[in-house]
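Each chain, letter by letter, is given below.
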Amino acid sequence: MNSEDFLDVFLREELKIVNKHLPRRRASICELINMEVPYIQTSNGSIHVFDPRELEILASISGRNCNLKLPIILEYLAEGDGVYIIRDPLESQVVASILNISFSTPLYLDRTRILELRRILRTTTIILLNPGQIL
Amino acid sequence: MSALTRVRPTKIELIRLKRRLTTSIRVRKILGERLTILVNEFMAALLEAVKKRKTLQKQLLEAYRRAEVVLGIYGPSALSHLETASPKPKIYVGTENIMGVKVKTIILKYSDDVKLHPAGLNEFAEYSRQFIQVLLDLAKLENELYELGREISSTKRKTNALEHIIIPRLRETIRQLQLKFDEREREEKARFKRIKQVLTRKKTLEQ
Chain A
1 MNSEDFLDVF LREELKIVNK HLPRRRASIC ELINMEVPYI QTSNGSIHVF DPRELEILAS
61 ISGRNCNLKL PIILEYLAEG DGVYIIRDPL ESQVVASILN ISFSTPLYLD RTRILELRRI
121 LRTTTIILLN PGQIL
Chain B
1 MSALTRVRPT KIELIRLKRR LTTSIRVRKI LGERLTILVN EFMAALLEAV KKRKTLQKQL
61 LEAYRRAEVV LGIYGPSALS HLETASPKPK IYVGTENIMG VKVKTIILKY SDDVKLHPAG
121 LNEFAEYSRQ FIQVLLDLAK LENELYELGR EISSTKRKTN ALEHIIIPRL RETIRQLQLK
181 FDEREREEKA RFKRIKQVLT RKKTLEQ
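As you go down the protein sequences, you meet chains A and B in turn. No gaps in the numbering here: position 49 of the first sequence is 49 in this note's numbering, and each next residue is one more. No gaps in the numbering here: position 89 of the second sequence is 89 in this note's numbering, and each next residue is one more.
Worth flagging that the hints you see were computed from the coordinates, not collected in a lab. Quick caveat: nothing in here was measured; it's all calculated off a predicted structure. We treat Cβ as the ideally placed atom computed from N, Cα and C, and that holds for glycine. Hints should not be assumed to be uniformly reliable.
Claimed, not checked - Mimicking DSS-like on lysine-lysine, the simulated pairs with C-alpha atoms at most 25 Å apart in a straight line are:
no.	chain 1	residue 1	chain 2	residue 2
1	B	Lys140	A	Lys20
2	A	Lys16	B	Lys156
3	B	Lys158	B	Lys18
4	B	Lys104	A	Lys69
5	A	Lys16	B	Lys158
6	A	Lys20	B	Lys51
7	A	Lys69	B	Lys102
Claimed, not checked - Okay, the calculated beta carbon distance ranges per label pair:
no.	chain 1	residue 1	chain 2	residue 2	range
8	A	Arg64	B	Lys54	28 to 38 Å
9	B	Phe181	A	Ser43	34 to 44 Å
10	A	Ser46	B	Leu108	14 to 24 Å
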């Protein structure tokens, strides 16, 4: 393998590694609350355990709406100015009420909001780094 | 900045290099954002850990004070009575995944059946539970700080390599190839002009 091939492999692998923490399958809040230890499996096979206290916060805000899937995915778009977006309406509503901001679908958030949100929901939110279209 | 070695001066190679440069810039941006998030997570965990440690120290002093009161009323057997009579919690050890960084976590589950202790002991048992929860939170945060620190340094190395070595080298290689192609084009133009001149001269001589 020459240095150029190595570089291509490195770039490709890096893009995979940054998103290795994404869940293989998201679970509903009802499912998670009923579990002894609320957890999901990530795409690289490891286990991600949710903080039960965060689940209680979300359950109280959403009114135990079983359509709420966790973890909430905050998608970072590398193209353009680099904003975060929440596509699901229910998730947007929950996040908007936590951050005390006006609700819209999709919900666009800047980095400061994300940091604020991550301080409250550390285990129940996850950041997806979307590199956009790679040539 | 030196250019990449062993690059064939062809148009295909130029296109490939341009694509690689675009990908590198995107990856750098993504890694930069990841680094910012990781640093912020680190700072948040650090502040939280300091806060928890202060709380823990306060709670520890309070726990000693309460233990003294309990010992004063019920004697030394009170604590061993609490230990044997209280329901044992279930302990679950797992991992939290924060931006791809695995952090150990512990969940304590206490059973719902309430054991009645003599007056004062129930409060002491409840306080001890809270104290253990704070202790576990602090342990988790300190482990998180270690793991995040390690990931930050490795991400920083990658970002720096992309920013200061790979991207400038790719840019330099593309520039050199472009210069080579421009030079080739100029040569070609000069050659065509020369041929044209020769041909016109031949034509005029023939006439």
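Quick rundown of the hints versus the structure:
1. Of the supplied pair hints, the one linking Lys140 of chain B and Lys20 of chain A holds, its CA atoms being roughly 22 Å apart against a limit of 25 Å.
2. Distance check on the hinted pair: Lys16 of chain A and Lys156 of chain B sit about 17 Å apart at the alpha-carbon level, within 25 Å; holds.
3. A distance of roughly 20 Å separates the Cα atoms of Lys158 of chain B and Lys18 of chain B; the hinted pair therefore holds under the 25 Å criterion.
4. Note on Lys104 of chain B and Lys69 of chain A: the hinted pairing holds, with a Cα-Cα distance of about 23 Å set against a maximum of 25 Å.
5. Proximity of Lys16 of chain A to Lys158 of chain B is assessed by CA-CA distance (about 14 Å); at most 25 Å being required, the pair is judged to hold.
6. At roughly 31 Å between alpha-carbon atoms, Lys20 of chain A and Lys51 of chain B are farther apart than 25 Å, so this suggested pair is violated.
7. For a cut-off of 25 Å, the pair hint linking Lys69 of chain A to Lys102 of chain B stands: about 22 Å separates their Cα positions.
8. Against the hinted window of 28 to 38 Å, the Cβ-Cβ separation of Arg64 of chain A and Lys54 of chain B comes to about 35 Å, which satisfies the hint.
9. Range check, Phe181 of chain B to Ser43 of chain A: Cβ separation about 43 Å, and the 34 to 44 Å hint holds.
10. Taking the beta carbon of each, Ser46 of chain A and Leu108 of chain B are about 22 Å apart, inside 14 to 24 Å as hinted.
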